[in-house]
Amino acid sequence: MPRIGAKMTFLRRRDALLFVLLAVAIALPPYCGTYYTRFATQIAIYGMAALSVDLLLGYGGLITFGQAALFGVGAYAAGMLTVYGLTDALVTWPLAVLVSMLFALAIGALSLRTRGFQFIMVTLAFAQMVYYFAQSLRNWGGDDGFTLPQRDSLGLISLGDHTTFYYVVLALLVLIVLLANRIVRSEFGMVIRGIRDNERRAAAVGFPPYPYKLAIFVIAGGIAGLAGALMANHAKFVSPATMSWQLSGELLAMVILGSANSLIGSIVGAAFFLAFRDVLSDFTEHWMLFFGPLLVARVLLVKDGIWGMLVRATGADKVGAPRVDFPEALEHAADSKPGAAK
Amino acid sequence: MTLALLVEQLFNGVQFGLMLFLMAVGVTLVFGIMRVINLAHGSLFMLGGYFLMAALAWTRSYTLAIPLAFVGAALVAVVLEIVVLRPLYRRGPLDQVLATFGLALFFNEAVTVIWGRESIPLSIPPFLTGSVEIIPGSAYPIYRLVITAVAIVAGLLLYLLITRTRVGALIRAGSDNREIVAALGININLLYTLIFALSAMLAALAGIMMGPLLSVEPGAGDPILILALVVVVIGGIGSVRGALVGALMVGIFDTLSRVLIPLVIQTNATSALVGMAVYVLMAVVLLFSRTGLFAAHRG
Amino acid sequence: MSEFLLEIEHLRKAFGALVATDDVTLAIRKGETHALIGPNGAGKTTLVGQLTGELKPDAGRIVFDGRDITELSTARRARLGLARSFQITSIFDSFTAEGNVALAVQATERHSFRFWQPAERIARLRRPARKLIADVGLSPLGNLIASKMSHGQHRQLELGMALATHPIMLLLDEPMAGLGIEESRAMSKLLASLKRQYTILLIEHDMDAVFSLADRISVLVGGRIVASGTADEIRNHPGVRVAYLGEEDDAGDFRADG
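Chains as they are written, first to last, in the working numbering: chain A, 1 to 342; chain B, 1001 to 1299; chain C, 2001 to 2258.
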């Protein structure tokens, strides 16, 4: 069956691209030394947080300006538990995820009653509420935040060593990507994407939108919370700055720069953002002066993000075609948007 | 808690609410008519303060500096509308949010480049210093009374503009149906630029007036913008009346809660509750009505 | 129980001074194909909106299959067996044609909170979807992304999605809208094949289709039902001709051969 064979080649190209990225991620940073290993860890953590935003944005059509709050809640939860002496990651990290999911449930239950622009404003407002709450915690440093005495240990494995910690974070990131991929292709994922494409139609066919939107909001909140817990351990420091609305905006920017609706794109976008900041900060502390217009330019002038362009440039975009089990009717199956539903 | 103190706080609340109104009405007009959410609105508030400071440093006179600051803000607004906002009218909410967010980041950094990171205090204009006894035993700053009056006048002028003039009729028509206004041969581009400039002027006015009270610093407009968004959520998108009612509610609620809550609850959580009070109010309103109190359109 | 599947009782909806639905009472028997016709602006869209749950009536009630559904949400009504197709194409743009129908099939399950299995591999969803795609005549295009389909193909897809939810009643909102002669004939044939299985409320402007398909016809003018009866009764009803065409002669539209 030459047709299927041809499709397989295209599929392999995108998988090959991903494989190369993963290989680079595994091999390169420790080779380049501690600074770059820590830098790569940061990319992985922000990439995870950005991925949670892409789940909501690219797949759910929900533009949230409050994801940083859930990121911060995870960071605070993990940090507080560690300070209290619970230093086993197998305990603190799931707890941090649970706490952020609970916050996401509360925020989502109210916010998802609104739509469109109102939803954006409301998520922003609730995130600010959490931010002010964090600032008010006098016992935890208030606006200055607090430090962690040590990183959590993963069972018996100590995570103090930057390289070990990096590989743990990378493994978790890969796990989250695989999980998210499963979710967006599952029946649940189909409903979410249907609601994104046409909420009215989804309801007319029998899906009540609210419970499904709330579910993806909570799932994304949990992922952001995990990223936050990792951040707390990475920096051994937690402060309200991790919850700022600027960070929420930056996460959205990462998703858009990297390509929305693709999961991997958000990680690429995070890498780009952090690299941009890192490189430009060497020249000027006012690197934001260039990032702002860059974002504006991306929105106004460029149609796609980095990952999308990369996939198209390497010819791996034919993967948008559905991976069909049956050979008939393959003729018209072509779409250049990665992540299109089947 | 004396009666005098309570009254003073009420006045402060109304004054703060009116400042928020100036911000919120700009947000609600721009969104209601042009369907654009502009996260750089706070930057115009901030620039109002900075331009006032710069004009003061240059001319050493408030009577010259205030109009100059307005001119500066107007110029920025017009350039912004033509270069960034116009392409956004046709785009979706995500593009608008990100592009204007990028602008806000740019402006916050730009003022840092030009004037540094520190907060710069501005003094109250000499002819407006001093206080007046509005209630026996309570001396209320004249400056605050004046800016409250200015805000009320601005609100009235806006009301007259919208309800009594041709431009106002166009604004209301454009709010209901853009295509018809365009089909009537009205220059939609010019109308939109005017509306945007109007909203920017109101924000700058708030920034200029609050300058001496709040000090001028990078990011000064951001917390105000967020509160203005809360006002719009509470008051209803597209409704000027909602913006006024919502702003007064938020202003008074916020100011009073800052004073009253610490009296009632004496725990570590006090400052948290104070900061959060307004958002709790927003949550309650949302539970009551999904589209706010006076929504002009549905979503 | 009742021979009527859908009963609309004294429904009323006003937008400010405009009364879009003015005391509408209508009953549709099980198995009947009932057409609702009327000039533009008569209030058909508002009526459909209230039947599907997107608009809340000011007064009156709607009883479906013996159940008062006036307060129920759109999704609830769909799950009770009231399926609709949209006048202006409303589909899931990023999904393939088959994907669209498969998602509609999926909606018949009790819930979709399943996160692990890739939906495209689930036979119990894809097989009925493929069959429905064939039934509505879209077979070779099953894997075409919906946004790339032609208007006529969209109308077929709309119908396929309505059928996918195992409904007992179909609310078809101008299924012929924008179709050419050949496509209209094909759609008419398709709808005729559905008459036996479903109760149908058909909103249409295409008089050929209306007279060939409908068992009974109701005429909506200015928010009120001005006439209701069989095709012959409506054809010869003088008030209908006037209301619809504005004048006594030139009632060409009302001859089935016109």
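Since the hints were made in silico from the structure, they are not lab data. Note that the structure is a prediction, hence the values are computed from the model and not measured. Each residue gets a CB set at the ideal place from its N, CA and C atoms; glycine is no exception. Be a bit skeptical, because a hint or two may be false.
Distance condition first, Cα-Cα at most 25 Å in a straight line; then the derived SDA-like pairs of lysine to any residue [as the list claims (entries may be wrong)]:
| no. | chain 1 | residue 1 | chain 2 | residue 2 |
| --- | --- | --- | --- | --- |
| 1 | C | Lys2056 | A | Gly116 |
| 2 | C | Lys2189 | C | Phe2115 |
| 3 | C | Lys2056 | B | Ser1289 |
| 4 | C | Lys2056 | C | Gly2066 |
| 5 | C | Lys2056 | A | Arg200 |
| 6 | A | Lys236 | A | Ala313 |
| 7 | C | Lys2056 | B | Leu1194 |
| 8 | C | Lys2148 | A | Ala313 |
| 9 | C | Lys2056 | A | Ala313 |
| 10 | C | Lys2195 | C | Ile2181 |
| 11 | A | Lys303 | B | Ser1289 |
| 12 | C | Lys2148 | A | Asn139 |
Label-pair ranges, simulated between beta-carbon atoms [to be verified]:
| no. | chain 1 | residue 1 | chain 2 | residue 2 | range |
| --- | --- | --- | --- | --- | --- |
| 13 | A | Pro211 | C | Arg2012 | 29 to 35 Å |
| 14 | A | Phe276 | B | Val1280 | 35 to 41 Å |
| 15 | A | Pro211 | C | Lys2195 | 34 to 40 Å |
| 16 | B | Leu1003 | C | Arg2012 | 23 to 29 Å |
| 17 | C | Lys2195 | B | Asn1187 | 51 to 57 Å |
| 18 | C | Val2242 | B | Ile1152 | 34 to 40 Å |
| 19 | B | Ile1114 | C | Ile2088 | 48 to 54 Å |
Original post:
Which numbered hints are broken by the structure, listed smallest first?
Top reply: 2, 6, 7, 9, 11, 12, 16, 18
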